[in-house]
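Participant: Here is how the chains run, residue by residue.
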Amino acid sequence: MKNFIENFGKKIVAPVYYFGSLILLIGNSLKKAFTERKRENILKHIEEIGINSLPLVGVIAIFTGMILVMEIGHTLKAFGAETYSGALVGLSMARELGPVLVALTLAGRVGASIAAEIGVMKITEQIDALKVLAIDPVSYLISPRVIAGIFSLPALFVISFFLAIGGAFLIGVFLIKIPSGQFLYQSFRFISYKDFLVGFIKVIVFAIVVINVSSYEGLKAKGGAEGVGDASTSAVVKSFFLIILTNLILTGIFYFV
Amino acid sequence: MEIIKVVNLKVVFEAKVVLDMLNLSVEKGESIVLVGSSGCGKTVLIKTIIGLIEPVEGEIFINGQNILNLPEEKIREIRSRIGMVFQNSALFDSLTTWENVGFYYLYHTDKSKEEIKKMAIEVLENVGLEGVEDLMPEQLSGGMKKRVSIARALISRPEILFYDEPTTGLDPITSSNITSLMKKIHLKFNTTDVIVTHDIKLAREISDRIGLVENGKIVEIGTFDFLREKSNHPLIRSFVEMEGKNE
Numbered sequence: 001m002k003n004f005i006e007n008f009g010k011k012i013v014a015p016v017y018y019f020g021s022l023i024l025l026i027g028n029s030l031k032k033a034f035t036e037r038k039r040e041n042i043l044k045h046i047e048e049i050g051i052n053s054l055p056l057v058g059v060i061a062i063f064t065g066m067i068l069v070m071e072i073g074h075t076l077k078a079f080g081a082e083t084y085s086g087a088l089v090g091l092s093m094a095r096e097l098g099p100v101l102v103a104l105t106l107a108g109r110v111g112a113s114i115a116a117e118i119g120v121m122k123i124t125e126q127i128d129a130l131k132v133l134a135i136d137p138v139s140y141l142i143s144p145r146v147i148a149g150i151f152s153l154p155a156l157f158v159i160s161f162f163l164a165i166g167g168a169f170l171i172g173v174f175l176i177k178i179p180s181g182q183f184l185y186q187s188f189r190f191i192s193y194k195d196f197l198v199g200f201i202k203v204i205v206f207a208i209v210v211i212n213v214s215s216y217e218g219l220k221a222k223g224g225a226e227g228v229g230d231a232s233t234s235a236v237v238k239s240f241f242l243i244i245l246t247n248l249i250l251t252g253i254f255y256f257v
Numbered sequence: 001m002e003i004i005k006v007v008n009l010k011v012v013f014e015a016k017v018v019l020d021m022l023n024l025s026v027e028k029g030e031s032i033v034l035v036g037s038s039g040c041g042k043t044v045l046i047k048t049i050i051g052l053i054e055p056v057e058g059e060i061f062i063n064g065q066n067i068l069n070l071p072e073e074k075i076r077e078i079r080s081r082i083g084m085v086f087q088n089s090a091l092f093d094s095l096t097t098w099e100n101v102g103f104y105y106l107y108h109t110d111k112s113k114e115e116i117k118k119m120a121i122e123v124l125e126n127v128g129l130e131g132v133e134d135l136m137p138e139q140l141s142g143g144m145k146k147r148v149s150i151a152r153a154l155i156s157r158p159e160i161l162f163y164d165e166p167t168t169g170l171d172p173i174t175s176s177n178i179t180s181l182m183k184k185i186h187l188k189f190n191t192t193d194v195i196v197t198h199d200i201k202l203a204r205e206i207s208d209r210i211g212l213v214e215n216g217k218i219v220e221i222g223t224f225d226f227l228r229e230k231s232n233h234p235l236i237r238s239f240v241e242m243e244g245k246n247e
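Order-wise, the sequence lines are chains A and B.
Here the first sequence is numbered in our numbering, starting from 1 and rising by one per residue.
Here the second sequence is numbered in our numbering, starting from 1 and rising by one per residue.
Everything labelled a hint here was simulated from the structure, so no lab data went into it.
The beta-carbon is built from N, C-alpha and C at its ideal position, and this holds for glycine as well.
Watch out, some of these pointers could steer you wrong.
[Stated by the list, open to error] Looking from chain B toward chain A, a few residues come up when the C-beta cut is under 10 Å (computed):
hint: 1; residue: 69
hint: 2; residue: 93
hint: 3; residue: 96
hint: 4; residue: 156
hint: 5; residue: 157
[To be verified] 20 Å max Cα-Cα, derived DMTMM-like pairs, lysine to aspartate or glutamate:
hint: 6; chain 1: A; residue 1: 122; chain 2: B; residue 2: 165
hint: 7; chain 1: B; residue 1: 10; chain 2: B; residue 2: 220
hint: 8; chain 1: B; residue 1: 74; chain 2: A; residue 2: 71
hint: 9; chain 1: A; residue 1: 32; chain 2: B; residue 2: 59
hint: 10; chain 1: A; residue 1: 32; chain 2: B; residue 2: 72
hint: 11; chain 1: A; residue 1: 2; chain 2: B; residue 2: 14
hint: 12; chain 1: B; residue 1: 10; chain 2: B; residue 2: 77
hint: 13; chain 1: B; residue 1: 145; chain 2: A; residue 2: 36
hint: 14; chain 1: A; residue 1: 122; chain 2: B; residue 2: 54
hint: 15; chain 1: B; residue 1: 217; chain 2: B; residue 2: 165
hint: 16; chain 1: A; residue 1: 44; chain 2: B; residue 2: 99
hint: 17; chain 1: A; residue 1: 177; chain 2: A; residue 2: 71
hint: 18; chain 1: A; residue 1: 131; chain 2: B; residue 2: 14
hint: 19; chain 1: B; residue 1: 201; chain 2: B; residue 2: 165
hint: 20; chain 1: A; residue 1: 220; chain 2: B; residue 2: 165
hint: 21; chain 1: B; residue 1: 145; chain 2: B; residue 2: 93
hint: 22; chain 1: A; residue 1: 131; chain 2: B; residue 2: 159
hint: 23; chain 1: A; residue 1: 122; chain 2: B; residue 2: 159
hint: 24; chain 1: A; residue 1: 31; chain 2: B; residue 2: 73
hint: 25; chain 1: A; residue 1: 131; chain 2: B; residue 2: 93
hint: 26; chain 1: A; residue 1: 131; chain 2: B; residue 2: 54
hint: 27; chain 1: A; residue 1: 222; chain 2: B; residue 2: 93
hint: 28; chain 1: A; residue 1: 131; chain 2: B; residue 2: 77
hint: 29; chain 1: A; residue 1: 31; chain 2: B; residue 2: 72
hint: 30; chain 1: A; residue 1: 122; chain 2: B; residue 2: 138
hint: 31; chain 1: B; residue 1: 217; chain 2: B; residue 2: 205
hint: 32; chain 1: B; residue 1: 16; chain 2: A; residue 2: 6
hint: 33; chain 1: B; residue 1: 16; chain 2: B; residue 2: 54
hint: 34; chain 1: B; residue 1: 113; chain 2: B; residue 2: 93
Chain B on its own, in the form it takes in the complex (with noise of 0.2 Å):
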C-alpha cells in the first residue's frame, strides 16, 4: 500500500527551479534512502512533503490524501503521524530533553508533566539514553542530540519517520550507532523511512530501495544490489566504488 505518493512536484526559490516535475511513491513500511550531489534538491523534497515549503505545481498525497489541499487544522493533524529528524538536530534550546522529547504532548494535551516525563525517559531509553532527561541540550553531544531528536520524532508513535543527514557531523563509530539505532526503529515500531544521506554505508544497510535526486528529479531508483548491477549513473558508480573500498 502506498503511504507516499508525489506527483510532477515542482518548486521553485526566487527563480530558480529546484525540483523539477519530480516523482516519487513510497510503500507502508519501506525504507527508502535519497541520495544525490549536495545542492541536488532532496532535503527540499522531504520538507515539501511535510508541508514545510510550499510548491508551485503538483501533487502530494500522505495515506492517499492530497495535503496540498487540506486546512492548516487537517495538515497539523497529518503531521501529528509524521517524525521528523533534523540535520542538526534542532533541539529547543531552552527546554530540557525530556521537556523536548514530550514538547508534542506538552504542547498538545492536559496530561500532567510527570506523566509526559515517563513517557519522555521511557522513549529516551528506546534510543538509548539513560539518565539525560534533565539535561539542557548545550550539555548534550552530537550523536546525544540525534538520538534525543529521533526520541522527540518516535514519541507520537508515528507511521511515517523523516531522516535528514541523520550521520552527517558524527564520527564513524557513532555514526554506526545511530544506524543500528535507526534500523532498530524501523523494525521495532515499523514505520515508513525516507532517509536523506550522502552516506552510502548507510544508504546499504538501511534501505529497502536507494533513490538518485539529480537537478531536482530522480533520476535512477532501485535497491542497492539493482544499483550496483545495472546503473551506469557516475553517481551511482562512484557510490558503490565507494562502498567497495569500505568493504
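So here's chain A without its partners, still in its complex pose (with noise of 0.2 Å):
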C-alpha cells in the first residue's frame, strides 16, 4: 500500500516538477537572451537553425500544399466551388499548418540535435567545466540558440507559406484546372493581417518551447550513449507534444476569446 501510494504520488509530481523546471529555464534563457553580451554564437546557429532547416521546411511546405490542394480541391469539385481551394490553403498555412509544420521540422532536426550535443557535454563532464570556468551553461549554450530561433523561425514561416502556395498553386492549374488568376486571388484574399501576426508569435513561442525542452532533455541526460539517445528521443517526443498543445492554446486566445 505504501508503495503504491509512493508510486502514484511519483507519477503526480514528476509531470509538475517538469513543467515547473521548463517554465524556469524558458526565463531564464529569455531574461539572459537579452542581457547577455557575448553574441558572437548567434549567427553560427541562426545558421544550423534557419538556413540548413530551409531545404527541409521548403519541401516539406510545397509536398503540403500540393497535397492540401489535391484533397480539398477534389472535394469542391462536387460542388463546383474548386477555385475556393486556394483560399483554404492560404488561411490554413498562415493560421495552423504553417507555423505548426515549421515548428515540428525544427523539433524534428534541430531540436534532437541539441538534446544530443548537450547531453554530450553533460556526460562528458562539459557542462561542468563550463561552470567552473565561471561560465553559465544556460547563456553561452540556450540562449544564443534561443534567440537564432526567434529570428529564424519566422522567416521559415514566410517562405514556407509562399512554397506551399507555389505547390499548391501547381495541383491546383495544372491538375484540377483552375484558372491560374482565380486560383491566386483566392489564395490571399481571406488572409487578414491578423492572420499573419498570429502566425509568427506562434511559430516565436514554438521556436522558444523547442529549444528549451530540448536543451532540457540534454541538460538531464544520465549514463552513456545511451542516456544521449533517450534524451534525443525525449526531446522530440516532448517538443511535439507541446507545439500542438501551445497551438490548441495560442489559437484558443486569439480566435476564441
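Using the hints, put the two chains back together into the complex; each one sits in its own frame.
Facilitator: Pasting the structure below:
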C-alpha cells in the first residue's frame, strides 16, 4: 500500500516538477538572451536552425500545399467550388499548418541535435567545466539558440507559406484546372494581417518551447550513449506534444477569446 | 592559514547518503590527496566544494567565505580563483586546443584573440606542449588532453587546483610524467592542490597529507609516513603493501 501511494505520488509530482523546471529554464534563457553581452555564437546557430533547415522545410511546405489542394480541390469540385481551394490552403498555412509544420521540422531536425549535443557535454563533464570557468551554461548554450530560433523561425514560416501556395498552385492550375488568376486571388483573399501576426507569434513561441525543451532534456542526460539517445528521443516527443498543446492554447486565445 | 574548510557536509542522491557529515580542512599551499574505493564519495566531495553539487547540510568555506550562502555572481567570482582538472579532461569538442585553454579569457574579457592565443601558447608550454595549439581535442592523445586540461585550469592563475583522477586511464610512463608535471606546477605556482586518485604512487609522491574516504566520511588522514606507521585500516594497509611491492 505504501509503495502504491509512493508511486502514485511520484507520477503526480513528476509532470508538475517537469513543467515547473521547464518554465524556469524558459524564463532564465529569455532573460539571459537579452542581457548577455557575448553574442558571437548567434550567427552560427542561425545558420544551423534557419539556413540548414530551409531545404527540408521548403520541400515539406511544397508537398503539403500540393496534398492540401489535391484533397480540398477534389472535394470542392463536386460542388463546383474548386476555385476556393487556394483560399483554404492560404488560410490554413498562415494560421495553423504553416507554423506547426515549421516547428515540427525544427523539433525533429534541430531539437534532437541540441539534446544530443548538450547531453554529450553533460555526460563528458563539459557542462561542469563551463561552470568551473565561471560560465553559465544557460547563457552560453541555450540563450544564443533561443535568439537564433526567434529570428529564424518567422523567416522559415514566411518562406514555407509562399512555397506551399506555389505547390498548391501547380496542382490546382495544372491538375484540377482552376484558372491561375482565380487561384492566386483566392489564395490571398481571406488572409488578414491578424492571421499572419498570429502565425508569427506562434512560430516564435514554438521556437522558444522547442529549444528549451531540447536543451532541458540534454541537461538532464545521464549515463552514456544510451542516455544521450534517450535525451534526443525525449526532446522530439515532448517538443511535438508541446507544439500541439501550445498551438491549441494560442488558437483558442487569438480566435475564440 | 586555512584555505578550504568543510564542516559537517552531507550530500544525498535519491535517498542514498553519499557524503555523511564529512569534515575537512586544507591549509594554503598544501597538497592533499583523497583516496578510497570507487563510489565512496571522493569526486562528489570535490564537486561539492566547487559548487557543482548542492549539499543538503553543512558548510563550505573558501578563504573564510561560506560559499553556500553566496549569490551566483559571487560564487562565479570565487570559481575564477579555482581550477579543476576533470577525470576525462572535459575539453570542449568544438574548440581548438588554444581556444580551450584560453576560453576563460575569450568569454569573460575583451582581450583580442591574438593576445589570448599568445597567453594560451605560453601556458601550454608550461605543461610541456608545443605546436598543438591549433589542433582539435580529438587529435590529441589521452596524456596530451590531460595536459591541455591542466593548462586550461592554470591560465587564470588559480589559488586552488582540484584534480579528479588525473592519471586514470594513462599508461605508466604518461602517468609518471603527469605526476611530475603536477609537482612542478604546485611548486612553481604555489597552488593549493586537492587530488582525488586511486594511484598510490601519485599519492605518495605529491601529497603533504593523504585522506582516506570511506562511506562518505574521511576516516583516516595524515602524511604518507604517518599512515604507513600508525594506520590499521585495511585499505591503507593494502595501499602501503602495494606501494612496497612497487618499490
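Participant: Among the hints numbered above, which are violated by the structure, and what are their numbers in rising order?
Facilitator: 1, 3, 5, 8, 9, 12, 13, 18, 20, 23, 31
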